[in-house]
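A.B. asks: Just add 11 to wherever you are in the sequence shown, counting from 1, and you've got this note's numbering.
Treat the hints with care, since some could be wrong.
Pair by pair, the computed Cβ-Cβ distance ranges are [unchecked claim]:
#, residue 1, residue 2, range
1, Glu83, Asp40, 17 to 25 Å
2, Ser66, Arg117, 17 to 25 Å
3, Asp119, Gly79, 26 to 34 Å
4, Asp40, Ala68, 14 to 22 Å
5, Ser38, Gly79, 31 to 39 Å
6, Arg117, Ala47, 32 to 40 Å
7, Ser38, Arg117, 17 to 25 Å
8, Asp108, Ser38, 26 to 34 Å
Think of the hints as simulated: they come from the structure by calculation, not from any bench.
Every residue gets a Cβ at the ideal spot worked out from N, C-alpha and C, and that includes glycine.
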Amino acid sequence: MSQSPNSSTEAQATNDSPAALGSVDDSFDAIFEVLAAERRRYVLYALHRHSGRASLADLADEVASREGADTERVAASLHHVHLPKLVSANVAAYDPDEETVRLLDRSDRLYRHLSAAAEDEFRPLRRAAGSATLSEF
């Protein structure tokens with residue numbers, strides 16, 4: 012990665028230690044803080060669909076499409092607000108130079124709550140399409 016030493020995401024983006032790959036803070040508050048914003052959930056759904064890695068442009072396209080929003084505005088929001096939140100919670104790594112995002116937290120606990128959120132958010136789609144899983148969203 013070609014980040015400058017002053018980059019605030021350098022430690023998280025380059026840290027592949029087992030602790031960083033483990034889990035968001037074990038508290039329910041930390042998990043729900045990450046999942047509280049719809050855009051962050053959409054990013055996490057997309058990262059799961061893309062096997063844990065995606066470009067900022069791809070994530071912005073998917074989120075904007077789902078929300079009916081402007082892709083450039085979504086990309087700016089992800090870059091400045093939502094991806095730093097996911098990085099600080101050790102859920103994802105974001106390389107702003109390469110504009111890539113990588114899922115770090117693959118814990119059962121986060122996945123369980125993310126799956127429950129997906130079922131609630133997409134219940135109408137789930138009923139219409141039959142049994143849906145997180146990977147289908």
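A.B. asks: Using the beta carbons of Ser66 and Arg117, state whether their distance is inside 17 to 25 Å or not.
C.D. replies: holds (20 Å)
A.B. asks: Could you check the hint for me, namely that Asp108 and Ser38 are 26 to 34 Å apart, CB to CB?
C.D. replies: holds (32 Å)
A.B. asks: Using the Cβ atoms, figure out if Asp40 sits within 14 to 22 Å of Ala68.
C.D. replies: violated (32 Å)
A.B. asks: For the range 31 to 39 Å, tell me whether the beta carbons of Ser38 and Gly79 fit it or not.
C.D. replies: Holds, since Ser38 and Gly79 (Cβ atoms, about 34 Å apart) stay within the stated range.
A.B. asks: With respect to the beta-carbon atoms only, verify the hint that Ser38 and Arg117 lie 17 to 25 Å apart.
C.D. replies: holds (18 Å)
A.B. asks: Within 17 to 25 Å or not, the Cβ separation of Glu83 and Asp40?
C.D. replies: Violated - the Cβ-Cβ distance for Glu83 and Asp40, about 33 Å, lies outside 17 to 25 Å.
A.B. asks: Does the Cβ-Cβ separation between Arg117 and Ala47 fall within 32 to 40 Å?
C.D. replies: Cβ of Arg117 to Cβ of Ala47: about 20 Å, so the range 32 to 40 Å is violated.
A.B. asks: Is the gap between the beta carbons of Asp119 and Gly79 within 26 to 34 Å?
C.D. replies: holds (33 Å)
The structure is inconsistent with the numbered hints 1, 4, 6, although it conforms to all the rest.
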